[in-house]
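Here the protein sequences line up with chains V, A and B, keeping their order.
Using the numbering used here, read the first sequence as starting at 1 and increasing by one per residue.
Using the numbering used here, read the second sequence as starting at 1001 and increasing by one per residue.
Using the numbering used here, read the third sequence as starting at 2001 and increasing by one per residue.
Keep in mind the hints are simulated off the structure, nothing from the lab.
Distance condition first, Cα-Cα at most 27 Å in a straight line; then the derived DSS-like pairs of lysine-lysine:
| # | chain 1 | residue 1 | chain 2 | residue 2 |
| --- | --- | --- | --- | --- |
| 1 | B | Lys2307 | A | Lys1068 |
| 2 | B | Lys2272 | A | Lys1068 |
| 3 | B | Lys2115 | A | Lys1111 |
| 4 | B | Lys2084 | B | Lys2159 |
| 5 | V | Lys112 | B | Lys2243 |
| 6 | A | Lys1256 | B | Lys2307 |
| 7 | B | Lys2111 | A | Lys1100 |
| 8 | B | Lys2098 | B | Lys2335 |
| 9 | V | Lys253 | V | Lys305 |
| 10 | B | Lys2307 | A | Lys1061 |
| 11 | V | Lys89 | V | Lys73 |
| 12 | B | Lys2070 | B | Lys2423 |
| 13 | B | Lys2459 | B | Lys2027 |
| 14 | V | Lys89 | V | Lys306 |
| 15 | B | Lys2335 | A | Lys1111 |
| 16 | B | Lys2272 | A | Lys1262 |
| 17 | V | Lys89 | B | Lys2049 |
| 18 | B | Lys2111 | A | Lys1256 |
| 19 | B | Lys2049 | B | Lys2423 |
| 20 | B | Lys2272 | A | Lys1061 |
| 21 | V | Lys147 | B | Lys2184 |
| 22 | B | Lys2442 | B | Lys2111 |
| 23 | A | Lys1128 | A | Lys1147 |
| 24 | B | Lys2442 | B | Lys2243 |
| 25 | B | Lys2049 | B | Lys2243 |
| 26 | V | Lys147 | B | Lys2243 |
| 27 | B | Lys2070 | B | Lys2243 |
| 28 | B | Lys2111 | A | Lys1111 |
| 29 | V | Lys147 | V | Lys253 |
Computed from the model, here is a short list of chain V residues facing chain B with C-beta under 10 Å:
| # | residue |
| --- | --- |
| 30 | Leu2 |
| 31 | Glu93 |
| 32 | Asn96 |
| 33 | Asp100 |
| 34 | Leu101 |
| 35 | Thr104 |
| 36 | Ala109 |
| 37 | Ile110 |
| 38 | Ile160 |
| 39 | Phe311 |
| 40 | Phe312 |
Glycine included, every Cβ here is placed at the ideal spot set by N, Cα and C.
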Amino acid sequence: MLARVANNLYWMGRYIERSEHIARFLNVNYFSSLDAPNARSQDRQFVLRSMLFMVGEPVGEDVVLEEDEVLYKIGLDADFIFSIRNNVKQARENANSARDLISTELYEAINKFYHFVLNYDREAFLKNGLHDFTVNVAEMTSVLRGKIRGTLLHDSLYAIILMGVNIERATQIIRIINTKYQDAMNAQGSYGDKFGNSFEWTTLLKCAESYDMMRRFYKKTPISITTLEFLILNPNCPRSIMNSLNQVYRHIKVLDPSKAYNKNSTAFLVGKVRAEYQYKYIEEIEQDVQLFIEQILNSLSEISKKMESEFFNY
Amino acid sequence: MSREYSITYTAENTYEHAVNDAHWQFLIIPEQNNSQDFIGVTFENSLNAMIEYSINGYGFKTIRIHPKINFHKITFTASFQLIKKDINPFSFDPDPDISKSYSTIDELNFKVDFDSFLRITHFTTLPKSNTPLFSFDTSNSIFENLKALNEWTFMHIYFKANVTDVETTLDEIIEKRHGVCQDFTHLFCALARENGIPTRYVSGYLHQGNGYFGDSQMHAWAEAYVPTIGWIGFDPTNNLMANTNHIKVAHGKDYKDCAPLKGVLYTTGRNETKHTVKVASQQQQQ
Amino acid sequence: MFSSYQLNHDLYDEIFEDHGKIKEVYKKLFDIYGEHSIRDYVNLNEKAKSSFFNQGITFQVYDKEKTHEKIFPFDLFPRIIDPKEWKIIEKGSVQRSKALNLFLWDIYHDKNIIKQGIIPMELISSSANYLDQMNGIDPAGGIYNHISGTDIIKHNDGKYYVLEDNIRCPSGVSYVICNRTALKRALFGVFNHYKACSVTNYAENLLDLLETVKPNGVDIPNVVVITPGMYNSAFYEHSYLAKTMGVELVEGRDLFVENDFVYMKTIRGPEKVDIIYRRVDDAYLDPLEFNPNSTLGVPGLFAAYKKGNVTLANAPGTGVADDKAVYTYMPEIIKYYLGEEPILNNVHTYHCSRPNELKYVLDHIQDLVIKPVDEAGGYGISIGNRLGKDEISLVKKQLQANPRKYVAQPIMSLSVHPTYIDKSESFEQRHVDLRTFTVLGKDKEFVLKGGLTRVALQKGNLIVNSSQGGGSKDTWVLKK
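Chain V on its own, in the form it takes in the complex (with noise of 0.2 Å):
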C-alpha cells in the first residue's frame, strides 16, 4: 500500500471517529441539561462553554455566549475547521484519495454521509434538528464501522484505519473527560463528596454511550472514581482507554508482525504505553488526573508521530 494512501486512510479512521465523538457530545450535554438536578449543570452558558472546550475552542468565563451561534458552529460552520461538517469533509476527501482501495459499499456509505451533513439546512438545524442530526451523525458512524468491518479485509489496510480509529476514540474519550471533570469541579453536588457525586459524571457516560455498562457493572451511581475507573481502566469497556490502546497494539502487530527487538518502533512503543495503564489502579490516576490527561494525550500524539515517520512517510 502507498504510504501517503496508508496516511489518508488512517486520518479517514480518525475523523469519522471524532465525528461520532463531538456529535454525540452535543446530543448528551445538551438534552441532559435541560432537566437537570442543580441549578449550575442547568446553565446554557456553562453548557455552551462545555461544548466548545471539548471541541478545542475554549471561551473564557467572561464571554456571553449566543446558543444558535455555538450550535452552528460546532455542527455546521464550514468555515470552522473543528465543525462536525469539516469532519466529515476531511473524512470523506482521505477517502476519496483511497478510492480504489476501499470498498465500494465504504465508499458510498461515506459519500452519503457527507452530503448528508452538507446539505443539512441550518435553518431546521437550528430550530428542532440537533437531535435528528446528532443522533444521524452518530448512526452513520456505526454504518462505517459495519461497513470497515464488514467489507473490507482483514489486512494491513484494515490494520491502519482501524489504528486511527482507536488511537482517535482513546484522544476523545480523554478530551470528553478532561472536559467533564472540570464541569464536574465547577457543578459540584449537592451532598457528601460533592466533587464525586456530581451530576457531571453521569454525563460523562452518557457522552462515552457507557452509562448502561457502567451502572450494570457497579450496580451503584456513578460517582468520580468509578467513573474514571470504568472508561480509562476497565479493559471490557468498548470506549475505555485500555480497550483502545489494546486494539491499537493488535492492529500495529499486522503492520509490524517482527518479534525483533527494536525499540525505535512505533510497536515497541504502543506496547510500552499499553503495559503502563495495564498495571495501573485508579487511585494512582486520581491523586492528579490533570497529569494523567496531559500524559495520556503525549504518549497518543507520539504514538501518532511514530507512525507518522514509520508507515506514512512520502
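Fit chains A and B to the supplied structure of chain V, relying on the hints for placement.
Just chains A and B, lined up with the frame of chain V:
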C-alpha cells in the same frame, strides 16, 4: 599533439527558507567524441546526497541529486579530466562542387533528417524584417559563408556581460547589439538556419588562456552541418572555429536543451546561485 | 411515452425511419418502454441520478464562488448497434489505431512518410506535441498508442465518419461501465429481450494488454495508474480503472526514480514499478525533462523510460498524431502503412494553411465547422451557420492571422436519438456520437464492445463533450 584538461565546476545555492524537497540535474560532463577522450569525473556535494548518473532525453550524460534532508545551502563541486586531441578546423577538403551542396540542403530528405536543427525555436526566432540580416552568397561554398556569418555575428554584437540573461530573446539582442556567448550563438544559429543550414547550439567549456571572450561560466558556440563535410564548430563570440580550447558538453536546438543546471524544488523566499568554472590545461608530449 | 416525439425529417434518426416507422432492432425496446408511463420513467431517471451521486460518480465544476459536484448526465434510453454495423466500427477503430501506431513509430524514427512527400514536414515540426526526446526510442512492444478513443458519428447519409482520434489520454470508459450498471439496476427487464455484449471486461483486457508491453527482464510486471490527483475532473475514472485492474493508483509524489528505475513509496518501503498507465499529460510527466513547473510528475521519469526500465502508456509524444491536421491525412496514413482502404470515412478537411483552401474556407464559412488543430474537449470550435455577422468577421480575422492553427470541415449532421429531456419531461431528438475504446498490446488488440454514446443535451447543439454540457447513453452492441 593533444592537451590534458582539468576542469572544475562549482555551484553554490543558498535559500532564504529551508528546502525540503529538491531535485537537480546537471548537464556538465564533457561529451565523449572523436576529439575528447579518457574522461574522468568526480562529483561531490556538501550534503553528501546520493549521486546518480543518467542520460537525458537528448542522449547526454547527466548527474542527478536528490537530498533527503532539509537544508538552506548546498554546494556542488565537479571536476573532470580529459584528453583533447588537437583539432585543425580546416582539415577537410574544400567543397568540390558548390552548387551540388546547395541543392543537397534543398532536398526533402535532408530537411527531414535535420529537421530539429533547422527549426525556429523560442530563442532562435528572428524579428520580422524586410531585409534579411545575413544572406548567403551562393557563389561561395557553404563553409565560406558560415565563416563569414561567424565574423558578421562577432562584429555585429558587442560582448557585454550581465546585460542579458537566460531568458533574453533575439529581438532584444538585435536591437541593443550586445550580449554574451549564448546570445551570439543563438543569433548565429538563427541566421544559419534561415539560410537552410542545420545548426545546433553547443554548450561546453572554453579554455581562456588566450584572452578569449567568455566568463568564468560555461561557454556556448554553434555547430553547423555542411554537406560532404559534416558538423563544424563555430564560435561567433570569438570569431573562431571551435578548436582544442573548446570542450563540448552537449548540443541542442537552443539553450533550453542544454541548460547546465535544472532544478525542481519546493521552497519559498529568495534564493541565490553562484557558478564558477575553472579550466586548466597542460600540453601533452607524444 | 413517444406521443409527443417530433420527428425532424432533415435529421437521421437512429430509431425511427423517415416515415415514422420504428427500426426493427429497436422494436422490442420500444414496446417495453411503451408499457411505462412517463411518470415511471421520471422516477427511474431520478433514482438513477441519485445512485450516481451516492456512488460519487461525479466531476467537479468550478464557478465563481465554489466548486460543485455534478454527475455526468445519463439517459436511460439506450442506443443499440446491430452486430453488422458494429463489425465495421470495430474493424475501422482497430485499423486507425494500428495505422497511427505505425505512423508514430515512423515519425520518431526514419520519417519515411514525410520523405516520400505523403505528409508535409511542417505537420510535425510545427506541432507543439512532437517531442524531439522521443526520436530513436523504441517503446516496448513497438506500441505508442496503447489506448485510443475514436470519435465516430453517423451522418445523414447513414454512413459512419470518424471525427477525431484521441490518443493522448482518452477518457470516458468508466462511464460506459457505469451507464450499463445504472441501466441494469433501473430497467433490468429489458435485458431479457436483448443480448448485449458485456462491457465490464475492459479493465482485465487493459491490464492483460499492458502486461504484454512490459520492460525487458521483468517477469511479473508491477502496473500502476498515475493520476494528477483527486481534484482532476476524471479522477473517478482513474480510481475506477486502478480498482478494477487491482493495481495502485498513484500520484507523482508517490513515485521516485533511483538509478533510472522507478519506485513507489509504500508503507513497507520502496517497490519497483514497471508499467505506468499515465493519465497525466506529456508536459507534466517529468519536470527535469519537460515543464519544469510541474508538480504532478516524477523527476527523472523520462530517463528511466528512455532506458527501457519502465513502460509509459500511452507513450510520450503520441499527441502529435491526434493533432487535427494529422487527422486530415488519415486516409493516406492508413494506405501507406497498412496498404488498406480506410474502413471508416474521414470528414473532408480544408487546411487553412494552404492558401487556396483558406480562400474557400473564408468564402464558405457559413457551411463549415472551424476547428483549432491543437485543442481538445470541444474548445474553440466555431460552427458556421450558428455565427452572427460580427462573429463571422472575428473568425475570419483569426483565420487570416494564424491559418496554420485552423482546419475546416463541412458541417456534419450528427444522427439523432430519442433522449429524455428533464425540462419538457418528454423524449426529444438529440444529436449523438460514439467514442470507441481500442487497446493495443504487443501482437494483440482489444476493442470494448460498446463505447460511449455522447449526447448533446441542448436542442440542436452538435458538441457532445461533457465539458460542454453533454450527457451519455448506455450503448448496446448486440451479440450475433
